[in-house]
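Full structure from sequences and hints, please.
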Amino acid sequence: APFAISNIPNYNERKISWFFAHCNWGVSLERKQLVIGRGTRQELRPGVWRIRHNLGRDPETGKYIRSPWRNVYTTRKSEVTAALEEYKRELNEGLLDKDRNITVGEYAQKFHEMRANSGLSPLTYKEEEREIKRICELFGNIKLINLKSLTIKEIYARIREEGLYSENILHDLHMRLKQILQEAINDDLITKNPCARISIPRPEPKERDSLTEEEAARLLSILETAPLDSRIIATYIMLMTGMRKGEVLGLTWKYVNFNVPDIYVAWQYTNDKKLRSPKSKKSKRHIGLEPDTVNYLATWKTIQARLLAEMGVKQTPDTPVVCRLTDAGVVQASDCGNAIVATFSDPANFNRWFNGFCVDNGFGRYESVETAYVVKFHDGKRWQKRRMTKEEYYDLKESGVPAKYVKSETDCKNYTGLTPHILRHTHATLLIGAGTDLKTVQARLGHAQLSTTMDIYAHAIAAKDAEAAAAFNGVITHRSISEIAATLIETEQLACIPKSDEEIRQIMEEAGPRNGIEATAAVREFALAQTKDFTKRQAMEACRIKSMKWMSNALVSLQREGAIKKLGESKDARYRTLQPQKV
Numbered sequence: 092a093p094f095a096i097s098n099i100p101n102y103n104e105r106k107i108s109w110f111f112a113h114c115n116w117g118v119s120l121e122r123k124q125l126v127i128g129r130g131t132r133q134e135l136r137p138g139v140w141r142i143r144h145n146l147g148r149d150p151e152t153g154k155y156i157r158s159p160w161r162n163v164y165t166t167r168k169s170e171v172t173a174a175l176e177e178y179k180r181e182l183n184e185g186l187l188d189k190d191r192n193i194t195v196g197e198y199a200q201k202f203h204e205m206r207a208n209s210g211l212s213p214l215t216y217k218e219e220e221r222e223i224k225r226i227c228e229l230f231g232n233i234k235l236i237n238l239k240s241l242t243i244k245e246i247y248a249r250i251r252e253e254g255l256y257s258e259n260i261l262h263d264l265h266m267r268l269k270q271i272l273q274e275a276i277n278d279d280l281i282t283k284n285p286c287a288r289i290s291i292p293r294p295e296p297k298e299r300d301s302l303t304e305e306e307a308a309r310l311l312s313i314l315e316t317a318p319l320d321s322r323i324i325a326t327y328i329m330l331m332t333g334m335r336k337g338e339v340l341g342l343t344w345k346y347v348n349f350n351v352p353d354i355y356v357a358w359q360y361t362n363d364k365k366l367r368s369p370k371s372k373k374s375k376r377h378i379g380l381e382p383d384t385v386n387y388l389a390t391w392k393t394i395q396a397r398l399l400a401e402m403g404v405k406q407t408p409d410t411p412v413v414c415r416l417t418d419a420g421v422v423q424a425s426d427c428g429n430a431i432v433a434t435f436s437d438p439a440n441f442n443r444w445f446n447g448f449c450v451d452n453g454f455g456r457y458e459s460v461e462t463a464y465v466v467k468f469h470d471g472k473r474w475q476k477r478r479m480t481k482e483e484y485y486d487l488k489e490s491g492v493p494a495k496y497v498k499s500e501t502d503c504k505n506y507t508g509l510t511p512h513i514l515r516h517t518h519a520t521l522l523i524g525a526g527t528d529l530k531t532v533q534a535r536l537g538h539a540q541l542s543t544t545m546d547i548y549a550h551a552i553a554a555k556d557a558e559a560a561a562a563f564n565g566v567i568t569h570r571s572i573s574e575i576a577a578t579l580i581e582t583e584q585l586a587c588i589p590k591s592d593e594e595i596r597q598i599m600e601e602a603g604p605r606n607g608i609e610a611t612a613a614v615r616e617f618a619l620a621q622t623k624d625f626t627k628r629q630a631m632e633a634c635r636i637k638s639m640k641w642m643s644n645a646l647v648s649l650q651r652e653g654a655i656k657k658l659g660e661s662k663d664a665r666y667r668t669l670q671p672q673k674v
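The sequence shown begins at 92 in my numbering and counts up by one.
One or more hints might be untrue.
Claimed, not checked - Distance condition first, Cα-Cα at most 16 Å in a straight line; then the derived EDC-like pairs of lysine to aspartate or glutamate:
1) Lys-498 to Glu-458
2) Lys-365 to Asp-437
3) Lys-504 to Asp-437
4) Lys-657 to Asp-624
5) Lys-392 to Asp-320
Claimed, not checked - Okay, the calculated beta carbon distance ranges per label pair:
6) Glu-218 to Glu-632: 47 to 57 Å
7) Lys-234 to Met-479: 12 to 22 Å
8) Asp-278 to Thr-165: 42 to 52 Å
9) Ser-240 to Thr-215: 26 to 36 Å
In case anyone wonders, no lab produced these hints; they're calculated from the structure. Don't be surprised by glycine CBs; every beta carbon is placed ideally from N, CA and C.
Quick look at the structure:
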């Protein structure tokens, strides 16, 4: 039962606190806790106290409920006592009942609404809205103060059992719920975060699509030979710099430095047609340019200035590199004409053009293409215009209804293929493949953390790592023909072996690969020739490979390339050829 120290006449607070601490009835002198009736006060440091009240047992759980902590800034204990009484009065009057009864769904909606003007990008805010909706469906009717870790674990287990969401979605949902509950702590609605000790590991990122070296070279050739316009320039910049689509569309000439030369990413033009700061602080970055890109941009700047001048517009440092001409409206009330200005390109329009460009050049396709007629016809009262199929148009003509063909429109749906973001992944993958260090790749891409770069491009890093290991092995073991000849001459057991260069080459070819790279090539040829599964030992004997290390490296490299698949985990597991057309 609570004990009122204040009821003891002439009590010495320091001595009684020491007595309680040694009897396990209180706390140490560094943090004094004095129980006054149903209220508790703690001195955090001189001049700073925090107070709360015991609110009795919860009728549903039977556990004691305590009010949120409230800070009191004073050096007088009498004022702390008065604050406790005021806090008790508020509780008794039910001023906090509304907060105690608020559900997880209600608070999550409030959390989302308050972040509407917090600077989040439209895409991020929309994604958060989807996560809030899922949280409301799963936890919406549970009171915020009653949400426990066990309840959350049970709901997560049900999600996995019923397959409601993928592990990626579950991880994002958990992180959002944890963020919301932490905000509830800051608002003094709960005292601890039930998500704090629940771990939902981030799933391994899937391999990102990217163009091969040959495909990237073909795309670059198409861009360099195409007539220059804003959309061709945007595609070229994304391929050559790895910039995001929004960063390219938000680029102005003031941030293109032809002397250094480089591009400074300061803004992005988002889907809501607003100029915003880049994704993160690291996204504000300088990206170096090579001579071909400098010449390409300089040529476009000259052409753009001429095209704008023909429209009566002057090119300025604030002119977008990727611009469109638009009607700015009446500048002054007395002005009869409209002013033409160069503005930023609409991201949605750019996406539609990009899809069509990729389809025309073999980098994408539409799953369905439908052609419709726009027909003007008279329904007996007035002329109407409507879209219809070719068959519907001929049926209408045969029925005797006056109808006129206006034009044809093509609906292209379900695009698959190259996207603007794949150009960014292509730039990074080819950089890593060329041996560029990861820190430089991170800086060019504008990733906030190096771990992000490593996670996204793990496949490219692994492929380069296997190549580096094989190359090092080759450097260590490789010897010239003359060195081998000298070794053979000095060896008495091999005195009968011919010593000419051609004969030594033949001996070496018959002996099998001389390093890890040659071993990988030999195993690849062997695998492609197989019509059935094979073991590691069969491949070693067929390729005349003596080193088990070379053989293991070769098989691992081919698995990473997707050329073969390992069947089983035993020592004598077999391998199967998967994609011979890609080798």
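Violations among the numbered hints, reported as their numbers in ascending order:
Checked against the structure, the hints that fail are numbers 1, 3, 7 and 8, while the rest are satisfied.
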